[in-house]
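**Student:** Using the hints, position chain L against chain B.
Number of protein chains: 2
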Amino acid sequence: MSAQNINAQRIWNTLMEMGDIGGTEAGGCCRLALTELDRQGRDLFVKWCRDAGCEISIDRIGNIYARRPGTDPDALPISTGSHLDTQPTGGKFDGIYGCLAGLEVIRTLNDEGIETRRPIEVVIWTNEEGSRFAPAMVASGVYSGKFTLDYALNQTDAKAIRLGDALKEIGYDGDIEVGARKFAKFFELHIEQGPVLEREQEEIGVVTGVLGMRWYDLKVKGVSAHAGPTPMSYRKDALGASARLITALIDMAAARPDEDGRCTVGELHIPKGSRNVIPGDLSFTLDLRNATLEGLEDMEQEAHALIDQISTEAGVEVCVERIWDSPPIAFAPECIEAVEKVVARSGYSYRRMTSGAGHDAVNISSVVPTSMIFVPSIGGISHNETEYSTPEQIASGAQILFEVMRDEALA
Amino acid sequence: MSAQNINAQRIWNTLMEMGDIGGTEAGGCCRLALTELDRQGRDLFVKWCRDAGCEISIDRIGNIYARRPGTDPDALPISTGSHLDTQPTGGKFDGIYGCLAGLEVIRTLNDEGIETRRPIEVVIWTNEEGSRFAPAMVASGVYSGKFTLDYALNQTDAKAIRLGDALKEIGYDGDIEVGARKFAKFFELHIEQGPVLEREQEEIGVVTGVLGMRWYDLKVKGVSAHAGPTPMSYRKDALGASARLITALIDMAAARPDEDGRCTVGELHIPKGSRNVIPGDLSFTLDLRNATLEGLEDMEQEAHALIDQISTEAGVEVCVERIWDSPPIAFAPECIEAVEKVVARSGYSYRRMTSGAGHDAVNISSVVPTSMIFVPSIGGISHNETEYSTPEQIASGAQILFEVMRDEALA
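As given, the protein sequences belong to chains B and L, one line each in that order.
The numbering of the first sequence is our numbering, which starts it at 1 and goes up by one.
The numbering of the second sequence is our numbering, which starts it at 1 and goes up by one.
Only chain B is shown next, with the shape it has when bound in the complex:
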């Protein structure tokens, strides 16, 4: 690993100080979107950025833009950022790491007295998690034109509070048109939230895109019957058929030639389950993912073939409904290459990889050349109070982000 420009201790301390806002006894963080704690976090971030010489702008959905000016008044900024909100029992790294690493880039540029041609900008995207207000990534969605501003402002939480009202309440209802603030390029640094980098002992993930995903609801109808009087060969066992089907679907995803097949059954419900009754009805969910549209199509076709085959053999009916389709995202080649060039010369070990989870960068990539950088998550754990990355890992990601943004902003 190369000599560092960034201050490893400073970014770590900054991250820990921010983590105290909403910090939990178990070491995690609960800082739901547009709450008083979110306001405190935003205030602290804004103060730090102002102290580092940034201009602060806020748009009508509460996205915060902290800008370190460049020498060319006409040049679009090189931007980075992520989110400040957490899951209800989240950690101190997911999202906020990417924001504070952006601040560390600015502080380091200041320390080194570097003037860039392009501005450097750090963005906090409102309500990424979707824990308080659905949908997730709503504000970057408005930025990119996926959602209208009215739609986003009228989303309500579990207590029927409007997002727009909560935003006003914490004083972050800005007046800049959402999406009016343009970027030359956007880079998002994030913890991996998965086990790949740690298991493969790689220090940096050069993220080339985000898996597409399709969600399905399946209903399986067999014949409910008494466990005792019904011989095995006479059964139309909805759970037995589903167990066979889930096994086959998982094996199908695991056997794909690409590394990016994912098959998850997260929910399974037997409505009138009783231990001595063969289930006649049940439902389960299916989540299929792949890095390419072709891969996703293949998996869907294979899934349908398995459903047909296994339901016929088991004498049950399976009804499949696709309820959501999110296409794979390929990040901008120039952004991926810019990151890879820096990582390669830095001496950090790395791999190209896809993100399995969604990020604000997915929305931004539809309007601005974008890519992402990952650092390892210990144990692959995230959305959990035990979420952790080491100070060294935190520093290495910030260093890569610094070099990428400096080089891009100088150019």
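One or more of the hints may lead you astray.
Straight-line alpha carbon distances no greater than 30 Å define the calculated DSSO-like cross-link-like pairs of lysine-lysine that follow [as the list claims (entries may be wrong)]:
(1) L:K219 to B:K272
(2) L:K159 to B:K272
(3) B:K221 to L:K159
Beta-carbon label-pair distances, calculated as ranges [unchecked claim]:
(4) L:P271 to B:I378: 37 to 45 Å
(5) B:E115 to L:G315: 19 to 27 Å
(6) B:R162 to L:D308: 52 to 60 Å
(7) L:E259 to B:E317: 26 to 34 Å
(8) L:E25 to B:K168: 55 to 63 Å
(9) L:D217 to B:E337: 54 to 62 Å
(10) L:I378 to B:A134: 48 to 56 Å
(11) B:R345 to L:D217: 52 to 60 Å
(12) B:K159 to L:D20: 35 to 43 Å
(13) L:A305 to B:D217: 31 to 39 Å
(14) B:P327 to L:P271: 17 to 25 Å
(15) B:D407 to L:A305: 56 to 64 Å
(16) B:R352 to L:D308: 54 to 62 Å
Reference listing, derived: stretches of chain B covered by chain L, where coverage requires no fewer than 3 residues with Cβ under 8 Å from a Cβ of chain L [stated by the list, open to error]:
(17) 205-215
(18) 234-242
(19) 268-275
No lab work stands behind these hints, which were simulated from the structure alone.
Source: prediction; values computed, not measured.
By construction, the Cβ of each residue, glycine as well, lies at the ideal position given by its N, Cα and C atoms.
**Tutor:** Coordinates of chain L only, in the frame set by chain B:
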């Protein structure tokens, strides 16, 4: 099929008239134990039996004994019977068929002017279903010494009403010691409640015993993780492992050389299921049955081997607890042979078979030579308002019971 002694129309009409007490719009019956409807059913049964010349006795748990005297005052009776209570949404056949077929035996003996050496006795066992008061088959259990009378009388329903109080309320708290009433032999005629006779186009089942069963609770612990960022090979998927295990357990039961292996998973629960999260924890039930203790032991051992193998391969922990063990019941050979002899000469098609469900006859068999006779259940359906057997099937079972009891009582 041979000429009939019994009156097919009469037994059918008797069954339908009784079914009107608690009869439901959908054609089923709801006559819960020790309710006003149970009392009405008992009163009607007692009236019919008295009209047929029977002496009525009632014991302290409400079992009703209707006796047609024999010529030998010292001879123990040949007895039959079943239960009058139903499931909440039960049918018109389960239980009461066996009681009214016993009445038809007596009526036919009267019609034909036959005097038997031994008395003929028809018994109604209180609270067989266990729907209102747990456990099921409680009164035949007291008769056979499995439960104490106090235990049974102190069981309470969902409204905290004692069984003993409900019994008193309907006026069927008799004074005969439970179990004091002895039998020479006991035969129970019942609908099959399964699909075997219908599918194999056999008219009569000569029941040789009842499957033993063992119930287990399984807890599976993997690692919960995000569906997207976690490649298939890194997962410790509690549901994926369970699906594989359930498939293997079902295949194991289906592949047994005996015909009597049963494996049922009736309940499966994912406590914090979410469609895009790999399940880290779940529980499911397992019900294993076999006709012999050796078979049941074999199945349990094979299940443990499959659990060990699949949990190791999947990287999950499986905790298994056996929560109930009910040994297989072999009925008395002399009773089985008595039935088979009659069926064979009758011309009805038949097969020897085991019962997968429990019956009062299981309890009685521990103190008296006992066996059972089955007639087909249309569609194998029972404990359901659509439960049905045809008038011909009802008549054929009653005819077999008649001949068996007549021959045994004459001997």
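**Student:** Next step is simple, just say for each hint if it's right about the structure.
**Tutor:** Cross-check of the supplied hints:
| no. | hint | in the structure |
| --- | --- | --- |
| 1 | L:K219 to B:K272 | holds, 20 Å |
| 2 | L:K159 to B:K272 | holds, 23 Å |
| 3 | B:K221 to L:K159 | violated, 35 Å |
| 4 | L:P271 to B:I378: 37 to 45 Å | violated, 25 Å |
| 5 | B:E115 to L:G315: 19 to 27 Å | violated, 53 Å |
| 6 | B:R162 to L:D308: 52 to 60 Å | holds, 55 Å |
| 7 | L:E259 to B:E317: 26 to 34 Å | holds, 27 Å |
| 8 | L:E25 to B:K168: 55 to 63 Å | holds, 57 Å |
| 9 | L:D217 to B:E337: 54 to 62 Å | holds, 55 Å |
| 10 | L:I378 to B:A134: 48 to 56 Å | holds, 49 Å |
| 11 | B:R345 to L:D217: 52 to 60 Å | holds, 57 Å |
| 12 | B:K159 to L:D20: 35 to 43 Å | violated, 54 Å |
| 13 | L:A305 to B:D217: 31 to 39 Å | holds, 35 Å |
| 14 | B:P327 to L:P271: 17 to 25 Å | violated, 33 Å |
| 15 | B:D407 to L:A305: 56 to 64 Å | holds, 60 Å |
| 16 | B:R352 to L:D308: 54 to 62 Å | violated, 39 Å |
| 17 | 205-215 | holds (count 3) |
| 18 | 234-242 | holds (count 5) |
| 19 | 268-275 | holds (count 6) |
Of the numbered hints stated above, those contradicted by the structure are hints 3, 4, 5, 12, 14 and 16, listed in ascending order.
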